[in-house]
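Taken in sequence, the protein lines are chains A and B.
Note that the numbering used here gives residue 173 to position 173 of the first sequence, counting from 1, and the numbers run on in steps of one.
Note that the numbering used here gives residue 1240 to position 240 of the second sequence, counting from 1, and the numbers run on in steps of one.
Everything labelled a hint here was simulated from the structure, so no lab data went into it.
Where a beta carbon is used, it is the ideal one built from N, C-alpha and C, also for glycine.
Incorrect hints may appear among the rest.
Simulated coverage check for chain A against chain B, where a stretch passes if three residues somewhere in it have a Cβ under 8 Å from a Cβ of chain B [claimed, not checked]:
{"no.": "1", "stretch": "46-56"}
{"no.": "2", "stretch": "75-84"}
{"no.": "3", "stretch": "91-99"}
On the chain A side, residues computed to face chain B include the following (Cβ under 7 Å) [stated by the list, open to error]:
{"no.": "4", "residue": "N8"}
{"no.": "5", "residue": "F9"}
{"no.": "6", "residue": "R110"}
{"no.": "7", "residue": "Y111"}
{"no.": "8", "residue": "T112"}
{"no.": "9", "residue": "H113"}
{"no.": "10", "residue": "A152"}
{"no.": "11", "residue": "E153"}
{"no.": "12", "residue": "C155"}
{"no.": "13", "residue": "S259"}
Restricting the straight-line Cα-Cα distance to at most 25 Å, the calculated cross-link-like pairs of lysine to aspartate or glutamate (DMTMM-like) are [as the list claims (entries may be wrong)]:
{"no.": "14", "chain 1": "B", "residue 1": "K1120", "chain 2": "A", "residue 2": "D108"}
{"no.": "15", "chain 1": "A", "residue 1": "K87", "chain 2": "A", "residue 2": "D173"}
{"no.": "16", "chain 1": "A", "residue 1": "K235", "chain 2": "A", "residue 2": "E218"}
{"no.": "17", "chain 1": "B", "residue 1": "K1173", "chain 2": "A", "residue 2": "D46"}
{"no.": "18", "chain 1": "B", "residue 1": "K1035", "chain 2": "A", "residue 2": "D108"}
{"no.": "19", "chain 1": "B", "residue 1": "K1009", "chain 2": "A", "residue 2": "D108"}
{"no.": "20", "chain 1": "B", "residue 1": "K1244", "chain 2": "B", "residue 2": "E1228"}
{"no.": "21", "chain 1": "B", "residue 1": "K1009", "chain 2": "B", "residue 2": "D1038"}
{"no.": "22", "chain 1": "B", "residue 1": "K1010", "chain 2": "A", "residue 2": "D108"}
{"no.": "23", "chain 1": "A", "residue 1": "K87", "chain 2": "A", "residue 2": "D137"}
{"no.": "24", "chain 1": "A", "residue 1": "K87", "chain 2": "A", "residue 2": "D55"}
{"no.": "25", "chain 1": "B", "residue 1": "K1009", "chain 2": "A", "residue 2": "D55"}
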Amino acid sequence: MPANRFNNFTNYGIGIGLRVPHYQHILSRKPTVDWFEIISENFMVDAGRPLHVLDQILEQYRVVQHGVAMYLGSTDGLDREHLRRLKRLVKRTNTPWLSDHLCWGSVDGRYTHDLLPLPYTFAAASHVAQRIREVRDYLEVPILVENVSSYAEFCASEMSEWEFLSEVVEKADAGILLDVNNIYVSSQNHNFNPYDYLNHIPHDRVGQVHIAGHSKFEKYILDTHDHPVLDPVWKMYAHATRLTGPTATLLEWDDRIPSFDEVHCEALKAGKFCKELLPQTVQAV
Amino acid sequence: MQPDPRGVKKLRAIQRAFATGIMRPLASGHRMQSKWTDGTSSRRVVAEFIKPNDRLTSFERLEIYNKQYWFRLLDSLHEDFPGLRTLIGEDRFYDLSVAYLTKHPSDSFTLRDLGRHLEKYLAKEPRWTAPHHALARDIVRLEWAHIVAFDGEAFPPLEIDALLDGGDPAQLKLGVQPCITFLACAYPVDDFILAVRRREEPRGEASNAMNERIKRKAPKKLARPRPEKIWLAVHRSNNAVYYKRLEEPAYLICSALQKGLPLQAACERALRRRKTGPDFGAKLQGWFAQWASFGWFYR
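Based on the provided sequences and hints, a complete structural model is requested.
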């Protein structure tokens, strides 16, 4: 399932996040990279340096948009100004698909700027699914929803997180951006087996995968994106790849960002995993 | 299938409770407040909608989000207003930021807009910047203008020839690029801000998780500017932000054009307000040639 309708029948390989500290290196050295993922909101501006840099990147590389502020689970109306700007950017980048998170982040017009978890209820799933359909109809590009890492669970939840994710994407007929690190972080914080998660989602809907590093604290794990990918996450990634087929994969490294070469080298490990593990038989762990 | 309105209403109630908890200022030791907004126990209220686990109480789980909210937003203001922070000091700036964000929670999808109400807030709450309120106001206006100039809207600019061929000056209206701000300041805050920015290293992009308030070394003190009237254009050229000093008549003309006055009326306004010498006509031509070369005008 490397190419499917959720990633617009593309096979993008291994990408990395486009980040400010690497701009100069990328523009001057023009390293070979399969694709870059951009944070949409960083470029949903009217003009200036961000768009100037983006246009130079677009001349050389394939770019995919990843959002952090659509808040598909919010109960406020969809932010039309946000969507208008997003559509303008979609036209600029020609992104083959667009992703954002299965979360909420604003209520009563106040924005938390965080990716907050939803209660896993059937009503919430229907609500989110309807909004995803609205967004897709407006933006005219396939939408992938990403599972978030979380530190709290709701009393109101009626199902597991993977059941909720499945319910949402089936109802919305949307794709999944599978964040393997987020599953690991949440599994440690909420005491579930991360392989149950991987085994029970609709694998044919996975259009992209995220990998990243995290930080361990005394009583919980935080999704910090400031480390290399840790071993348990690589093992989960290998398992996910067996289930989904080699899928466009993106390494997120957002804080304490090392050199471009170090980030790129870490990302390319994902490609080796895919090649080594593909011949093996798919087995649930 | 349409979502169940009752289910969405319940979801909204949960989101309101969650947001109430995380958007309240942190108590001492960066802990979540022990009392809820109605004075009852936060632990009891939070336990009604958040499950505990074997390591954390419901309160402690929501507290993680409470900390992340504040650390992220405080860090954003910290980065956007280095001049104000330098003027009033790190601790006072921290307290001001908490008070400001409590009064003006973010109302935009982007953190870029977080400080857009700060000037008005300080006008109503001068205690935060006393006894340097006028200086602080100038600094905040310039720092917000910098944000606008960095990525604000700009249209294809008019060349000088097209500008001169515009027809009757009494009728001619020139659009001034929306990303430009013209400021009349009581202090030379441009030099001050440039000095502040030079000594501060740019911050890397932060991840979504903010597990601690970012700690920075206290920078060396800078001398406070002495009063001196200046007029500034905060503009963008080749994707870099510049602070250009203007003479007062030039400021009057530009700000009048930005308000929509025709060219002739804008120039007459400057002549009325300031005495000008015999060479003013030539000076005016030189100004417009320079401003057009900067791409300040559009039609």
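Verification of the supplied hints:
1. Chain B is given as covering the stretch 46-56 of chain A, and this holds because 7 residues of the stretch bring a CB closer than 8 Å to a CB of that chain, at least three being needed.
2. For the stretch 75-84 of chain A, the proposed coverage by chain B is satisfied: 4 residues have a C-beta within less than 8 Å of a C-beta in that chain, meeting the threshold of three.
3. Counting residues of the stretch 91-99 of chain A whose C-beta sits closer than 8 Å to any C-beta of chain B gives 0, which falls short of three, so the coverage hint is violated.
4. Below 7 Å, beta-carbon pairs count as interface contacts, and N8/A has none with chain B, the closest being about 25 Å; its hint is therefore violated.
5. For F9/A, the suggested interface contact is broken, since its CB lies about 28 Å from the closest CB of chain B, more than 7 Å.
6. Interface hint at R110/A: satisfied, since its Cβ lies 4 Å from the closest Cβ of chain B, which is below the 7 Å cut-off.
7. Contact between Y111/A and chain B, as hinted, is supported at the beta carbon level, the nearest pair being about 4 Å apart and thus within 7 Å.
8. Annotation: interface hint on T112/A holds; nearest CB of chain B at approximately 6 Å, less than 7 Å.
9. Hint status for H113/A: holds, given a least beta-carbon distance of 6 Å to chain B, under 7 Å.
10. Using the Cβ-Cβ criterion of 7 Å, the hint placing A152/A at the interface with chain B is satisfied: the shortest such distance is roughly 4 Å.
11. A distance limit of 7 Å between C-beta atoms decides the matter here; for E153/A the minimum to chain B is near 5 Å, and the interface restraint holds.
12. Using the Cβ-Cβ criterion of 7 Å, the hint placing C155/A at the interface with chain B is satisfied: the shortest such distance is roughly 6 Å.
13. Contact between S259/A and chain B, as hinted, is not supported at the beta carbon level, the nearest pair being about 12 Å apart and thus beyond 7 Å.
14. Proposed proximity of K1120/B and D108/A is supported: the alpha carbons are some 22 Å apart, at most 25 Å.
15. The suggested pairing of K87/A with D173/A holds, with an alpha-carbon distance near 20 Å, which does not exceed 25 Å.
16. With a CA separation close to 23 Å, the supplied pair K235/A and E218/A stays within the 25 Å bound.
17. Between K1173/B and D46/A the alpha-carbon distance is near 23 Å, which keeps this suggested pair within the 25 Å criterion.
18. Between K1035/B and D108/A, the direct Cα distance comes to roughly 22 Å. Compliance with the 25 Å bound is thereby established for this hinted pair.
19. Simply put, K1009/B and D108/A have alpha-carbon atoms about 13 Å apart, close enough for the 25 Å limit, and the pair holds.
20. Of the supplied pair hints, the one linking K1244/B and E1228/B holds, its CA atoms being roughly 16 Å apart against a limit of 25 Å.
21. The straight-line distance between the Cα atoms of K1009/B and D1038/B is roughly 21 Å, inside the 25 Å bound, and the hint therefore holds.
22. A hinted pair counts as satisfied when its Cα atoms are at most 25 Å apart, and K1010/B with D108/A qualifies at roughly 14 Å.
23. In summary, the hint linking K87/A to D137/A is supported, as the alpha carbons are separated by about 11 Å, within the 25 Å threshold.
24. Under the criterion of a C-alpha separation no larger than 25 Å, the hint pairing K87/A with D55/A is consistent with the structure, at around 16 Å.
25. Only pairs whose Cα atoms come within 25 Å are accepted, and K1009/B paired with D55/A is rejected, the gap being roughly 43 Å.
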